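Single-letter residue listing:
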Amino acid sequence: MVYLTRKCEFSASHYYHNPEFTEEDNRRIFGKCANLNGHGHNYTLEVTVKGSVDPKTGFVVDLKQLKDILDREVMDALDHRHLNKEVPEFAHQIPTTENLAIAIWKRLESHLKIAMLHRVRLYELPDLFVDFYGEP
Amino acid sequence: MKAHLTRRYIFSASHRLHRDDLSEAENLDVYGKCNNPHGHGHNYALEVTVSGQVDPRTGMVCNLVDLDSTVQQKILARFDHMNLNLSPEFAAQVPTTENLSVAIFDILKQNFSAAHLEKVRLEETGKNSFEYCGN
Chain X
1 MVYLTRKCEF
11 SASHYYHNPE
21 FTEEDNRRIF
31 GKCANLNGHG
41 HNYTLEVTVK
51 GSVDPKTGFV
61 VDLKQLKDIL
71 DREVMDALDH
81 RHLNKEVPEF
91 AHQIPTTENL
101 AIAIWKRLES
111 HLKIAMLHRV
121 RLYELPDLFV
131 DFYGEP
Chain U
1 MKAHLTRRYI
11 FSASHRLHRD
21 DLSEAENLDV
31 YGKCNNPHGH
41 GHNYALEVTV
51 SGQVDPRTGM
61 VCNLVDLDST
71 VQQKILARFD
81 HMNLNLSPEF
91 AAQVPTTENL
101 SVAIFDILKQ
111 NFSAAHLEKV
121 RLEETGKNSF
131 EYCGN
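Chain order of the listed sequences is X and U. Under our numbering, the first residue of the first sequence is numbered 1, with each subsequent residue one higher. Under our numbering, the first residue of the second sequence is numbered 1, with each subsequent residue one higher.
Note that these hints are calculated values from the structure, not bench results. Note that the structure is predicted; figures quoted are calculated from it, not measured. Where is the CB? At the ideal position from N, CA and C, for every residue including glycine. Hints should not be assumed to be uniformly reliable.
Pulled a few chain U residues facing chain X out of the computed Cβ check, cut under 10 Å [said to hold, decoys possible]:
1. 4
2. 10
3. 16
4. 19
5. 20
6. 22
7. 25
8. 49
9. 51
10. 57
11. 58
12. 60
13. 65
14. 75
15. 76
Simulated crosslink set (BS3-like; lysine-lysine; CA at most 27 Å straight-line) [unchecked claim]:
16. 113/X x 56/X
17. 50/X x 32/X
18. 33/U x 7/X
19. 2/U x 50/X
20. 106/X x 64/X
21. 85/X x 67/X
22. 7/X x 56/X
23. 7/X x 106/X
24. 7/X x 64/X
25. 32/X x 85/X
26. 106/X x 67/X
27. 32/X x 74/U
28. 56/X x 67/X
29. 119/U x 7/X
30. 2/U x 7/X
31. 32/X x 113/X
32. 50/X x 119/U
33. 85/X x 2/U
34. 109/U x 74/U
35. 7/X x 67/X
36. 119/U x 106/X
37. 106/X x 85/X
38. 32/X x 2/U
39. 127/U x 106/X
40. 119/U x 74/U
Just chain X, with the same shape it has in the complex:
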């Protein structure tokens, strides 16, 4: 088994707000992230796939195919978008980095026929990242 990781970067805006909470609770729990005017991040995404090395090509996965899926399912959908307003997963879910990593996993999993998804690592900041391994 060999693991291959592809990195890409996207920028998006968001805010954290749960309409079931009072305004006071939203501010207490989410702090500055509760500002309804939103704010943004440069996200760095690392997608790791795993598989056996194909003896004919020497590849775990055709990187071109992986890049095309990442461009279509992640970059086109998320880059320079407002996560709360433009990404369907966050119509009723808070776009935290945890939920965004899970959403990216689900977007990739259903399209990734060429190798097995191992991990989605999403950096919100250089000193803050989330790993999701598809665990329930």
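With the hints as your guide, set chain U onto chain X.
For chain U alone, coordinates are given in the frame of chain X:
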């Protein structure tokens, strides 16, 4: 859904790797330049990984403010800009980064319960890093 969250912190500290029960020559042999009697220092980068179910109401594994506050009070206040050899944790053991990783993990395990502590990763320099998962 279970997710892992990692937060990175920086602190600076000095240390000297030395054992009183070894001779001067043996200390030099085992610890090399790290045995310099006057000590030396590092900028340590600490990565703390916690895991748990993502709370559907908040979208979070745990509130980052709580993790930051625990690490600030229990780790950074204790070790940042300190001489590790004088810290109670190293009264009876050598402050290698291996031992420091274990000490940090144990302190966090006792003081942070908002999510499961998965791992402590400690970079001593850009080239050396150590990981401890509690066993």
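Quick rundown of the hints versus the structure:
1. Nearest Cβ of chain X to the Cβ of residue 4/U: about 4 Å, under the 10 Å cut. The hint holds.
2. For residue 10/U, the shortest C-beta to C-beta distance to chain X is roughly 8 Å, which falls under 10 Å, so the interface hint holds.
3. Given the 10 Å rule on beta carbons, the hint for residue 16/U is violated: about 29 Å separates it from the nearest Cβ of chain X.
4. Checking residue 19/U against chain X: minimum C-beta separation of about 35 Å lies over 10 Å; hint violated.
5. For residue 20/U, the shortest C-beta to C-beta distance to chain X is roughly 38 Å, which exceeds 10 Å, and the interface hint is violated.
6. Restraint check, residue 22/U versus chain X: the minimum CB separation of about 38 Å is more than 10 Å; hint violated.
7. Because the smallest distance between the Cβ of residue 25/U and any Cβ of chain X comes to about 42 Å, over 10 Å, the interface hint for this residue is violated.
8. Interface restraint check: residue 49/U against chain X, minimum CB-CB distance 8 Å, threshold 10 Å, status holds.
9. Look at residue 51/U: its Cβ gets to within about 8 Å of chain X, closer than 10 Å, so that hint holds up.
10. A cut of 10 Å between beta carbons decides the hint on residue 57/U: the least distance to chain X is about 6 Å, and the hint holds.
11. A cut of 10 Å between beta carbons decides the hint on residue 58/U: the least distance to chain X is about 6 Å, and the hint holds.
12. Interface hint status for residue 60/U: upheld, as the beta-carbon distance to the closest one in chain X is roughly 6 Å, under 10 Å.
13. This hint holds: residue 65/U has a C-beta 7 Å from the nearest C-beta of chain X, less than the 10 Å allowed.
14. A least Cβ separation of about 14 Å between residue 75/U and chain X goes past the 10 Å threshold, and the interface hint is therefore violated.
15. With a least beta-carbon distance of about 13 Å to chain X, the hint placing residue 76/U at the interface is violated under the 10 Å criterion.
16. The hinted pair formed by residue 113/X and residue 56/X meets the criterion: a straight-line CA distance of about 18 Å does not exceed 27 Å.
17. For a cut-off of 27 Å, the pair hint linking residue 50/X to residue 32/X is broken: about 38 Å separates their Cα positions.
18. A hinted pair counts as satisfied when its Cα atoms are at most 27 Å apart, and residue 33/U with residue 7/X does not qualify at roughly 38 Å.
19. Between residue 2/U and residue 50/X the alpha-carbon distance is near 20 Å, which keeps this suggested pair within the 27 Å criterion.
20. Restraint check for residue 106/X and residue 64/X: satisfied, since their Cα atoms lie roughly 20 Å apart, inside the 27 Å limit.
21. Between the alpha carbons of residue 85/X and residue 67/X the distance comes to roughly 26 Å, so the proposed pair stays at or under 27 Å and holds.
22. A threshold of 27 Å between alpha carbons decides the hint, and for residue 7/X with residue 56/X the separation of about 25 Å falls inside it, so the pair holds.
23. Our distance criterion of 27 Å between C-alpha atoms is met by residue 7/X and residue 106/X, whose separation comes to about 17 Å.
24. Among the hinted pairs, residue 7/X with residue 64/X is consistent with the structure: their alpha-carbon atoms are about 13 Å apart, no more than 27 Å.
25. A threshold of 27 Å between alpha carbons decides the hint, and for residue 32/X with residue 85/X the separation of about 19 Å falls inside it, so the pair holds.
26. For the hint linking residue 106/X to residue 67/X, the alpha-carbon distance of about 16 Å falls within 27 Å, and the restraint holds.
27. For the given pair, residue 32/X sits about 24 Å from residue 74/U by alpha-carbon distance, which is consistent with the 27 Å threshold.
28. Under the criterion of a C-alpha separation no larger than 27 Å, the hint pairing residue 56/X with residue 67/X is consistent with the structure, at around 21 Å.
29. This hinted pair checks out: residue 119/U and residue 7/X have alpha carbons roughly 23 Å apart, not beyond 27 Å.
30. Distance check on the hinted pair: residue 2/U and residue 7/X sit about 22 Å apart at the alpha-carbon level, within 27 Å; holds.
31. Between residue 32/X and residue 113/X the alpha-carbon distance is near 40 Å, which puts this suggested pair outside the 27 Å criterion.
32. Between residue 50/X and residue 119/U, the direct Cα distance comes to roughly 23 Å. Compliance with the 27 Å bound is thereby established for this hinted pair.
33. With a C-alpha separation of about 25 Å, the suggested pair residue 85/X and residue 2/U falls inside the 27 Å cut-off, and the hint holds.
34. For the hint pairing residue 109/U with residue 74/U, the CA-to-CA distance comes to about 11 Å; that is within 27 Å, so the pair holds.
35. Between residue 7/X and residue 67/X the alpha-carbon distance is near 9 Å, which keeps this suggested pair within the 27 Å criterion.
36. A threshold of 27 Å between alpha carbons decides the hint, and for residue 119/U with residue 106/X the separation of about 26 Å falls inside it, so the pair holds.
37. Simply put, residue 106/X and residue 85/X have alpha-carbon atoms about 19 Å apart, close enough for the 27 Å limit, and the pair holds.
38. Annotation: proposed proximity of residue 32/X to residue 2/U holds, straight-line Cα distance about 25 Å (limit 27 Å).
39. Restraint check for residue 127/U and residue 106/X: the C-alpha separation of about 35 Å exceeds 27 Å, so the hint is violated.
40. Taken as a hint, the residue 119/U and residue 74/U pair is honoured in the structure, with Cα atoms around 16 Å apart against an allowance of 27 Å.
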